[in-house]
Each structure stands twice: as C-alpha cells, then as structure tokens.
Amino acid sequence: TMLKSTFTLLSWQQQVGQYYTIPSAQLKKAFPNGLPRRFQMQIKTFNEACVMVRQPGLELISYLKRADYAKPALRYILFGEVGCGKTMSLCHTLHFCSTQGWLVLHVPDAHLWVKNCKELLPSSSRPTRLDQPIEASQWLKNFKITNEHFLSKQIKTTRRYIWTKRESTEEGRPLGEMVDHGMSRVKSSSDVVGALLRELRLQAGGATEDAFRLAVAVDGVNALWGKTSLKKEDKSPVSPDDLTLIHNLKKMLRNDWCGGAILTTLSQTGSLFKPRSAYLPTELLGEEGFDNMDPFVPIPVSNYSDKEFESCYLYYMDRNWLQHPHSRTEEGRKELLFLSSRNPSILERLCSFL
Amino acid sequence: MGAGLNTCLPASVKGSRVKYLLLQICVSSRVQVNKAARGPEKFSIEYIRKHAEEFEVGKRRLANMMGEDPETFTQQDVDRSIEYLFPSGLFEKKARPVMKHPELIFPKQTAAQWDKDGRPFHFLFYTGTPSFYSIMHDTFGKVLAIEKHQDQMRSKGALPQDSKQISLGGSRWLLKEELEEVLVENISDQDYSRFLQLMDKLLSLPFCALEEEFVQRFRKQLEIQSTKQEIPDVHCDENGRSYSQAQGRRKTATASVTLRDCGSGRVAVNGKDCLLYFPILQDREQIMFPLHFAGMLGRFDVQAHVEGGGRSAQAGALRLAIARALLSFVSTPAEVETIRQAGLLTADPRIKERQKPGQAGARKKYTWKKR
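Listed in order, the protein sequences are those of chains A and S.
Residue 121 in the UniProt record's numbering sits at position 121 of the first sequence; the count goes up by one each step and never skips.
Residue 131 in the UniProt record's numbering sits at position 131 of the second sequence; the count goes up by one each step and never skips.
All the pointers check out, no bait thrown in.
DSSO-like, lysine-lysine: derived pairs with alpha carbons at most 27 Å apart:
#	chain 1	residue 1	chain 2	residue 2
1	S	272	A	334
2	A	231	A	187
3	S	272	A	274
4	S	35	S	94
5	S	365	S	352
6	S	272	A	307
For the record, the hints were derived by calculation from the structure and aren't laboratory data.
Please model the entire structure based on the sequences and the hints provided.
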C-alpha cells in the first residue's frame, strides 16, 4: 500500500498545473457558499468550474490519504501571502474529501462571524455568552445542503437536548431533525450548532460499518483568536470567546477526537487589526492562537511557478478571456508576468480588464 | 519720485550751516527728472574699454588672492573663486555675484553712426535697421551672382546637376532673437520671415555651394543630445553575473537601483516584493515601462532602495533609475537615442510650488468679498 500511495503521488505530481473540472451537480452540493467570490463569478462567466491542481493541494491530499484515523485528528494550516490560492487549495481538498465520502464541515470564512453582526442575542443556555442567530442559521442551511445524505439516515443523537422550556430533541433521533429545528427556530440556532459539533466529534471514526470520516475545514482560522469588531449594548468590546459559535468551533479544533482531519487556512484579507504584510502563522494567529493550534502541519502556499503561470495563461486564452490582441502575444504575456508578479489573484484581476 | 530722501548728512558737508542732522522723507523738489525719456543707458566704447582693462587687472589680482598662476587663470577659475569668496543662497543664478568681461555684461550697442557733419556712415542708415537691410542686400547680390554664374556654365555646356549641394542636416536657422543679437538691432517678425524666404531662395539655386560660408554664418549646429548622456559602468559580482547601478530622483523621492543580468524578472524594493510595496497597478506599470520599452522584461533582477516622497514619486524615481541603469546593457547608441526620445532619461523637474503670502496655497486665494 505504501508503494501504491507513492505511485499515485508521483503520477499526480505530473498533473501540477493542469486544470480539472468539478461537475456542476457536485458543485452546488459541495460548495453552497464555500468558494471565493471572484471564483464564483468566473464559474458563472465560463459556465464551468475549473480548478488548477497545485502543489499545496496535492500535498494536503497526500497527507490525508496516508494519515492514520485511529489516532487523534491532525491539524493542517495553509498559509501564504495575500492572493496566493489558500482558499482554492482548501476547496480542492474538500472536493476530494467529499468524493471520498467524508462528512465535510466547512466554515467558509470565520471572519464573518466576528464582525458586522446585525443581531447579537444573549445566549439562552449560558448568561455570559452571545448568540448570532442569523449566521448560525445560514451556516446550518449550507451544512444541510452539503451533507444531506448523512443527516437523514446515519447519525443519531446520543442524548437529549433541551433548547427552551418547550422544545427539545430526544435521544436517538436523526441529526437532520436537530438541524431542521435549528433552521426553523432561529433563536436557538447557535446552541444547535454547538450540539451538532459535539455529536459529530463523538461519533466520527467509529468502528461501526456506517462510520464516517469528518473533515473540519475553517477558512480564516486566525479570526478565532483575534479581536472582534462587535460591541455589547454597554459599548464594551466583545472577545471571541464570548460568542457561542466561536467557542464551540474552538472546541472542535482541539485534537482530542479521532477519525478525521482539521484543515484550516489563515487569511489576512478579512482579518481585523492585522497589517497587510502579515502572513506567517505566528503573526496572524498570535501567541494564544499558536499555542492552541500547536502542534500542526504547516503547508505554505506560494505564487505561481512558471509552469503554473503558463497553464493559467493558456486557460484564459482557451476560454477567450483575453480579448485585447496585444495580450495574446509573447510581449503581452511577459507584461502580465511582470505586473502580476505571478500572484494568482492579481493575475485574475488584470486579465479581467483585457 | 521726489529727490529728498537723504538721511543723515554729515554736519561737516554743510559747512557754515547749522550743525544738525536732517532727516527728509518724501519732500518733492522743484526739478522733476523723467528718467524714462532718456532712453536705455548708453555705454560708450571708451567706457567699455576702460572697464575691460580694469577687469584684466582684477583678474590677475584675484588669481594672486587665490594663490594661483595669473597667466593661466581662465574664466572658469574666476567663476569658481567668486562663488567661493561670495557664497550666495539666492535661487536665481542671474542675481548672484558675477565677474565677467564687460563685453559679456553690458549690452552690445552700435558705435556712432554719423560723422561730425551729421552725415551717416552707412548708405542704408535711413531704413532704421541698416545691418539687417545690408544683409538682405548682400544676399540678393549673391543670388544675382549665382544666376549669372549659372548662365555662364550653361553656355559652356556644364550641366547644373553636377554641382554639389550644401549639407543642411544637423543645423538650423538662427532664431529671431539670435539674429537680433548678431545684428544688435530689433527686427520685426515679418522682416525675419522675409529673411528666411530669401535664404531659402538662395539655397534653391543649383550653384549655391559657392556661398556656403556665407550661409553657414546664419545656421546653428545642433548637437546630438545622446552623446552627452552618462552611461553607468557594468561590474561583475562574485557569481559572475554582471550588474549596474544607478540613481534617480523625483520630487523629494530618491531611488538607487542595482540591475543584475541573467535574472528572472523579479523586483525587490526595500527588501519587499514589488507587488507588496506597490499594491497600485499604476506604480507597477511605471516601473515596468523602461524594461518593456527596451524589450528586456524577463532578463533582469532588480534590487532597489527608495526613500522619501509619496507613492507616485517613488515609482517615478525608480523608473528613472532603472532606465539609467539599463543604458549600460543597451548595445547601440541608436537605442540609447530612442530611449532618450521616449522621455525615460529626462528627470521630471516639477516640484511642489511654494505658497505665496496673502493666499491660502500656491494658487488658491482666500474668499473674495465684494464689499
């Protein structure tokens, strides 16, 4: 098996720089909200979702293939400069996981939970915490779309959850019922999210025949340990631990459960109070975050190599995206190379003018 | 302007009068002198000659003062010494102390134009601009002479096409101001255009090579600008890669750039990547322009250090520095000329205009109230 996995790894190495298409049926199911906004616009324009196979994604997939799932979950952090392709690599890996039949728990952007929240309710279960009903219900909706088949059939609750005086979910009910309850009763949706995470933690990687592997994917994980821009009614600042969603997610990110993997990315673009030049884990996570996430497997994501740049350029030419006649020449290609300095997002923005 | 602004007169000057110091301010006197009606100041030939002798004596004295040899003391040395002895912080160079030959300082004036009986020397004196009309007269005389010569050659049977032409490339006609300077009198625009027309007529004749010397007196040679351009040297570092260094400035920003050959097109500014240092596309386009124009985009690695100014100024300074450093890798002088003509080697002289008193900014005025 060792030889086989290295053989597949090698053959995938040759595929670095090539594009592969995600069928649109799978796309809606796997990523209801997970892809970067510009990539979603590109999908709409080109009518197909083509992802480039790159080295970090391949590395992550190879680690996932070779990991031992009887041991506690491993944490992987994708880091790199702004616009290098961290979110895209994560999405590539998640698509792989969903094709392998894993249960994917994807938080598209953790920064959305720590800023610009319209409603902050005091939590029903604990007096000091704050709930975010809109974000929680939105996330539950997306979660349901992604993992429909798991929720309705396989997983059952292990204990009774009481949401309010009148509502509760009994033991042994399918998880889908709990999720539906959270979506309909928006007030208790944050607690539902917490309960859901706990259930999945307990039941992932069991020895039964309907065992599933759990992939926890958080984009912008540095939001969990940074500062929030939210304020309580008495104008005092809210720390991330005061928010139910964040607190439960942090519990999820601890490596005390087995049968899955934790894939995260650092993100400076949505982060609060961090300089634009910061991209290393130490800078973005802070001391507290680093200690919490330690030990982890760091996977650096860099700008395009020459081969990848060539591939991207040919893809745009193939799709007739580069309309300007000069951009199709060798001179134009060199100009694009210089101006974008091989950064994927800058290249994409440049080509959208042409 | 009244005459009475004497301050303290020394009491001894007044002699028998009462010894008190007079302080007269703005007392109008009876005799009013109209200085404007006198015309421009006239400096006679003796006056200029006297001052020229004084200048020579002064030059030798200055050389002795500076400890240099009076025999080989040039005008450049004089300028240098004056700048040293009288340091001036004035911005206007023409307002600084200067020591030059009187011919250069006093405006040229014509000598006396009529004899003691009042009869003018020049036969065209009554035109008002005798030198100009005499030149026109001479030129037309030469035209007639050439036509006569042409008739003679034709009668002998020599074809007019065998004669050589005057080469006019690399020179231009004297401008109107320059012609006025040569003739020491003012001419109008119409006169100047007539002069050019007559010269063109002279040049259109086949045998005009006979009068080449006369024509070249009125033409100014143009230098090729690019020969004056300084090209930085190419050094070789320990890995064997050749590199060149250059500086550039724009509006308080200074940049110094090292251009290394056999690179991959990476640009590092102050240690950071070009993309991180200049997130705006316009700045990166400015830096790309010299390399793109010379067609050497992927060839060099750029290491730059830039300080001062704002975002755009730093980009402009970098662009100038890269263009200068590129010159040492450019092969032919013709390419240097094209780069110069693209405007890549000209330092942008625009700086922030100073604020004037009584105004809010350089141009902005305070609110104007009618009453």
